[in-house]
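**Student:** Following the hints, position chain Z against chain Y.
Going down the list, the sequences are from chains Y and Z. Position one of the first sequence corresponds to residue 1 (this note's numbering), numbered consecutively onward. Position one of the second sequence corresponds to residue 1 (this note's numbering), numbered consecutively onward.
Hints were generated in silico from the structure; no laboratory data involved. Small disclaimer: the values here were computed from a predicted structure and weren't measured. Treat the hints loosely; a few may be bogus.
Unchecked claim - From the structure, some residues in chain Z lie toward chain Y, with a derived Cβ separation under 7 angstroms:
(1) G171
(2) K172
(3) S178
(4) M179
(5) K183
(6) Q185
(7) M186
(8) P193
(9) P197
Claimed, not checked - Below, in silico cross-link-like pairs of lysine to aspartate or glutamate (EDC-like), each with a Cα-Cα straight-line distance of 16 angstroms or less:
(10) Z/K189 - Y/E95
(11) Y/K236 - Y/E213
(12) Z/K183 - Y/E127
(13) Z/K189 - Y/E87
(14) Z/K177 - Y/E95
(15) Y/K88 - Y/E127
(16) Z/K269 - Y/E127
(17) Y/K179 - Y/D159
Unchecked claim - Have a look at the derived ranges for each label pair, beta carbon to beta carbon:
(18) Z/Y17 - Y/E213: 56 to 64 angstroms
(19) Z/D169 - Y/V21: 23 to 31 angstroms
(20) Y/N100 - Z/K23: 45 to 53 angstroms
(21) Y/K178 - Z/D169: 28 to 36 angstroms
(22) Z/R223 - Y/K122: 55 to 63 angstroms
(23) Z/L88 - Y/Y160: 54 to 62 angstroms
Note that the Cβ used here is the ideal one computed from N, Cα and C, for glycine as well.
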Amino acid sequence: MKEILAFENVRLTYHTRQGEVTALKGLTFSLREGEFAAMIGPSGCGKSTVLSLAAGLLQPSEGKVALHGSIGYMLQRDELFPWRTIEKNLYLPLEVQKKNTPERRERALALAEKYGLAGFLKSYPSELSGGMRQRAALIRTLVMEPDLLLLDEPFSALDYQTRLLVAADVARIIRGEKKTALLITHDISEAVSLADRIFVLTARPARLLSAHETDFCSSDPLKRREEPRFSGWFEKLWRELNP
Amino acid sequence: MKHERRHESISLEHQNYLRRGKKKSILVNAVRLGLLLFLVGLWELVTALGWADPFLVSSPSRIAKTIASLYTEGTLFYHIGVTLSETLIGFAAAVLLGLLVALLLWWSEVLRRVLEPYIVVLNALPKIALGPLIIIWCGTGSRAIVFMTILVTVILVILHMLSAFLSADGGKMLLLKSMGASKAQMLIKLILPSSLPAFVSMLKVAVGMSWIGSIMGEYIVSRAGLGYLIVYGGQVFKLDLVMAATVILCFLAALMYFLVALLERKLLKS
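So here's chain Y without its partners, still in its complex pose:
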């Protein structure tokens, strides 16, 4: 399968007046088209930096980041613009990328319809529940038709119950649209339940500690949590992160 994102021996150093901090050093990994990958690591190890590099918002201090295609970024909070209706929020990427054509708007509306947002198009974000808002944020990301979805702990701002449901929801939509995704999370069980491939990072300066292919029967995160091997995966990754 085609490679969509490749990090090759990447180092990234942040410079501030107080000094310099090396977030990543010698990080190498690659992502194939159609994969749902998760990246976990100790908190503060520079996971979000990986996404910023992948999105081209940061340039590596050393090494190479190769991206073949376009990206869509989904953040911790939904970041829906409160003064826009859900419909206008969905059009935001089209406006920014100067692709605001009737056909594309129609496609956006079709996506909204397909994933149950049709009744909320004229509502403002404040009128939606947290789960619905995150779903709207995902649709907004999909409207750009990105080749690679970058998910920066997109469920961490939700309460536990909602988090499980929204994670399942988002996974279903991403798999339904056959998108490639890279999920950053500090939650091992979230990574195990969602991803086909899991990258484990070391503490700062982060490099790749290990990469795993999960072997679940189901792709539904809620069903995966019920499978017997779920706890095995959890334990294995827990040990790697807490040796």
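**Tutor:** Then chain Z, alone, in the frame of chain Y:
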């Protein structure tokens, strides 16, 4: 779902709650009006009974008479018009200029850092100290007063709006950047709309500052206007005139504030 709640029929308990709230606001309004009538009445009574010298403290009836005579002389609306136009022109110019400068400072970090000490000093400087300079530069007409109004108001507009522009949500900026937004797009899609509440609250403060500027300007140089009436009245010891002009000023300032508040409700409805 949250948005369905408001369509539910109103329960008895809620009706009672609303009624209590309404009662309270009627009470507040009644006491407000009562307090005004009481103070005005007390003022009139104290001067009528000779407990206080109306020559020094004036009185409501003398103020009303003064306003009436200004009206019959035909100069009432002339003075109001002069001050009002100076204030409004100064206000509008200060808001436009301030917005423009705030935008430039938001756009360029270097410019912002270069100009920061200048703005801080200008903000701290009592603008009345520039009075003699203003007279020499702008003459003794309305131009000087408009200039003073702008000077007093513009720094506030700049500081208020710049801090609003700079406090835009970091997550939303990151989102727009990831979409490949240019700086101009950031401005139009995020910075300006998210600064709307700050803009309206700035207008409220700027209205007050503009009145300070225009009256201060009229104190220094003027041949007409409410500030002129106050200074003139003070010089010739006609306190009725001073009080009359002050009362008119109160009305105008309140009216302008009310208009801005109305604008606020309209703009921030959603």
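**Student:** Indicate, hint by hint, whether the structure satisfies it.
**Tutor:** Evaluated hints:
1. G171: Given a least distance of 5 angstroms, the restraint on Z/G171 holds.
2. K172: Holds, about 5 angstroms.
3. S178: holds (4 angstroms)
4. M179: Cβ of Z/M179 sits 5 angstroms from chain Y, so the hint holds.
5. K183: Violated. Min distance 12 angstroms.
6. Q185: holds (6 angstroms)
7. M186: violated (9 angstroms)
8. P193: holds (5 angstroms)
9. P197: violated (10 angstroms)
10. Z/K189 - Y/E95: holds (9 angstroms)
11. Y/K236 - Y/E213: holds (13 angstroms)
12. Z/K183 - Y/E127: The hint is violated at about 30 angstroms.
13. Z/K189 - Y/E87: Distance of about 15 angstroms is within 16 angstroms: holds.
14. Z/K177 - Y/E95: holds (13 angstroms)
15. Y/K88 - Y/E127: holds (15 angstroms)
16. Z/K269 - Y/E127: holds (15 angstroms)
17. Y/K179 - Y/D159: violated (26 angstroms)
18. Z/Y17 - Y/E213: 56 to 64 angstroms: Holds, at about 60 angstroms.
19. Z/D169 - Y/V21: 23 to 31 angstroms: Given a distance of about 25 angstroms, which is inside 23 to 31 angstroms, the answer is holds.
20. Y/N100 - Z/K23: 45 to 53 angstroms: For Y/N100 and Z/K23 the Cβ distance comes to about 52 angstroms; the hint holds.
21. Y/K178 - Z/D169: 28 to 36 angstroms: Since the Cβ atoms of Y/K178 and Z/D169 sit about 32 angstroms apart, the hinted range of 28 to 36 angstroms holds.
22. Z/R223 - Y/K122: 55 to 63 angstroms: holds (57 angstroms)
23. Z/L88 - Y/Y160: 54 to 62 angstroms: holds (56 angstroms)
Hints 5, 7, 9, 12 and 17, counting from the list given before, are not met by this structure.
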